[in-house]
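In order, the protein sequence lines correspond to chains A and B.
Sequential numbering from 1 applies to the first sequence in the UniProt record's numbering.
Sequential numbering from 1 applies to the second sequence in the UniProt record's numbering.
Simulated from the structure, these hints should not be mistaken for lab results.
Hints may be right or wrong, so weigh each one.
[What the hints assert, rightly or not] Reference listing, derived: stretches of chain A covered by chain B, where coverage requires no fewer than 3 residues with Cβ under 8 Å from a Cβ of chain B:
{"no.": "1", "stretch": "59-72"}
{"no.": "2", "stretch": "195-205"}
{"no.": "3", "stretch": "261-268"}
[To be verified] Result set (SDA-like, lysine to any residue): computed pairs, CA atoms no more than 20 Å apart in a straight line:
{"no.": "4", "chain 1": "B", "residue 1": "K17", "chain 2": "A", "residue 2": "D93"}
{"no.": "5", "chain 1": "B", "residue 1": "K17", "chain 2": "A", "residue 2": "H252"}
{"no.": "6", "chain 1": "B", "residue 1": "K17", "chain 2": "A", "residue 2": "G76"}
{"no.": "7", "chain 1": "A", "residue 1": "K45", "chain 2": "A", "residue 2": "S139"}
{"no.": "8", "chain 1": "A", "residue 1": "K141", "chain 2": "A", "residue 2": "P162"}
{"no.": "9", "chain 1": "B", "residue 1": "K17", "chain 2": "A", "residue 2": "A223"}
Cβ coordinates follow ideal geometry from the N, Cα and C atoms, glycine included.
Protein chains: 2
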Amino acid sequence: MSIENLSSHKSFDGWHKQYRHHAGTLNCPMRFAIYLPPQTAQGEKVPVLYWLSGLTCTDENFMQKAGAHRIAAELGIAIVAPDTSPRGKAVADDEGYDLGQGAGFYVNATQAPWNRHYHMYDYVLQELPQLIEASFPVSDKRAIAGHSMGGHGALVLALRNPERYTSVSAFSPIANPVDCPWGQKAFSAYLGEDTSKWKDYDASLLMRSATAKVPARVDIGEADEFLHEQLKPQALEAAAEASGYPLQLNRHPGYDHSYYFIASFIEQQLRFHALYLEQ
Amino acid sequence: MSIENLSSHKSFDGWHKQYRHHAGTLNCPMRFAIYLPPQTAQGEKVPVLYWLSGLTCTDENFMQKAGAHRIAAELGIAIVAPDTSPRGKAVADDEGYDLGQGAGFYVNATQAPWNRHYHMYDYVLQELPQLIEASFPVSDKRAIAGHSMGGHGALVLALRNPERYTSVSAFSPIANPVDCPWGQKAFSAYLGEDTSKWKDYDASLLMRSATAKVPARVDIGEADEFLHEQLKPQALEAAAEASGYPLQLNRHPGYDHSYYFIASFIEQQLRFHALYLEQ
Chain A
1 MSIENLSSHK SFDGWHKQYR HHAGTLNCPM RFAIYLPPQT AQGEKVPVLY
51 WLSGLTCTDE NFMQKAGAHR IAAELGIAIV APDTSPRGKA VADDEGYDLG
101 QGAGFYVNAT QAPWNRHYHM YDYVLQELPQ LIEASFPVSD KRAIAGHSMG
151 GHGALVLALR NPERYTSVSA FSPIANPVDC PWGQKAFSAY LGEDTSKWKD
201 YDASLLMRSA TAKVPARVDI GEADEFLHEQ LKPQALEAAA EASGYPLQLN
251 RHPGYDHSYY FIASFIEQQL RFHALYLEQ
Chain B
1 MSIENLSSHK SFDGWHKQYR HHAGTLNCPM RFAIYLPPQT AQGEKVPVLY
51 WLSGLTCTDE NFMQKAGAHR IAAELGIAIV APDTSPRGKA VADDEGYDLG
101 QGAGFYVNAT QAPWNRHYHM YDYVLQELPQ LIEASFPVSD KRAIAGHSMG
151 GHGALVLALR NPERYTSVSA FSPIANPVDC PWGQKAFSAY LGEDTSKWKD
201 YDASLLMRSA TAKVPARVDI GEADEFLHEQ LKPQALEAAA EASGYPLQLN
251 RHPGYDHSYY FIASFIEQQL RFHALYLEQ
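Given only the sequences and the hints, what does the whole structure look like? Please build it.
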């Protein structure tokens, strides 16, 4: 488990760093970013929030645009941002922005050619935390969050692995991917045409039958250009109602799908996670 | 003075917007960004901070990466970010990142081919504020700030036009451009080889003889990779000492030239400007 440091920037008295490592799960080299809050400089082991980004993003978008370091530094939380798919010339790809590299959808692909590298579910769930916890001054307390495709990923990972995460949050998640164009295109390619194989990757279907319950917060912009066709938060809301799930879903008038929306409410999401990470 | 709206994003209860207009001073179409804090929605006229970006930047870098909207929203300050040079196929350019498009250095070029478009000094001083004050709910109270090449621009504009600005600040400014490679290359091209023509664009030389004194704050990262060869804050410090200039120069151990540094201290700079803008 060797990792190579690619960059270091002091930020809010802590450090933003990028690393490259060979990801066995994905069968390729991967880059990730970590924000280490100032508390780690005194040897303190801090909890970790995993952030999953959306379509076309890398490890950089959230770290540069969300304004999260300020609050993570105050709260003493590390943030880890993986890339959004396996990468490289040897890795299968597609011309669309919503399939292939930059669009891993946090699933384990079963269909060729995707199944050779596209195992982002296992990577985020197992390999990455194992590497992080072995390499940095962090505890094994984990929260998970994400945006859009990454909001879908965060919800699915937390719903299927409640023992691994203290809390989950999402901005503008693809909340019911089996029933929207982005999800149907990706799941057909990665998981095949048998739609019964899709349900383990659909937050609304999972939440409807959830028994162990990780506290969840979702923020939606009401002016989001993808709200009605792709995101479908009402399906998640109905699922939470059906199973009595502790979901806090906030709708924000005027906000869209951009990082300006994320930046406006990331403080609230981080303070939500801190409630559980610091217990 | 017609302007075309290109984008709108709600951010911290205010609005980030991009516009295009024909800049007479620059003889080409120009894009700029404005952050309008929530107070403007109630018809309040707010003061304006002009932000000048560094080499290779556009109107977007600061707006996306600095985390400034949060504090501007709280303080009730609009922020305007122009591009860093004239742009377009008809505009002279250079292969280097430090000359031509993306590198206007906030001067009025006197040398061909640059003198046809490169009048960023006049654009930022006159044309842009005139357009902003005619088009948006803002007052004529102005502050100015910038990073690197833009820090140089902000200091020069404030030192030469103290009646136009209530306060000035800079991150990592090119503080003595007549005496560093970036400045010498740009000034030779834009202003010619006669170095006596350069002194009106050198913050350290101007501060040494300043009589009217706009309060100034400068933040420097001690791990800045350009500190010793290009930035030379000690020249500015010596000039302030010689003329009794009200310069607050802060050195921050471990911080570099990146936006992570700017994000870490932009709140302090904005609160500094608010002291004077709100008088």
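Hints and how they fare:
Counting residues of the stretch 59-72 of chain A whose beta carbon lies closer than 8 Å to any beta carbon of chain B gives 5, which meets the minimum of three for the stated coverage. Residues of the stretch 195-205 of chain A lying with their CB closer than 8 Å to a CB of chain B number 0, which falls below the three-residue condition for coverage. Three residues within the 8 Å Cβ limit are the bar, and the stretch 261-268 of chain A against chain B gives 3, so the coverage statement holds. Between K17 of chain B and D93 of chain A the alpha-carbon distance is near 34 Å, which puts this suggested pair outside the 20 Å criterion.
Taking the CA atoms of K17 of chain B and H252 of chain A, the gap is about 19 Å. The hint holds against a cut of 20 Å. For the proposed pair K17 of chain B and G76 of chain A, the alpha carbon gap of about 34 Å is over 20 Å, so the pair is violated. Of the supplied pair hints, the one linking K45 of chain A and S139 of chain A holds, its CA atoms being roughly 5 Å apart against a limit of 20 Å. With a C-alpha separation of about 12 Å, the suggested pairing of K141 of chain A with P162 of chain A holds against the 20 Å cut-off.
A threshold of 20 Å between alpha carbons decides the hint, and for K17 of chain B with A223 of chain A the separation of about 15 Å falls inside it, so the pair holds.
Checked against the numbered hints given earlier, the structure breaks hints 2, 4 and 6 and satisfies all the rest.
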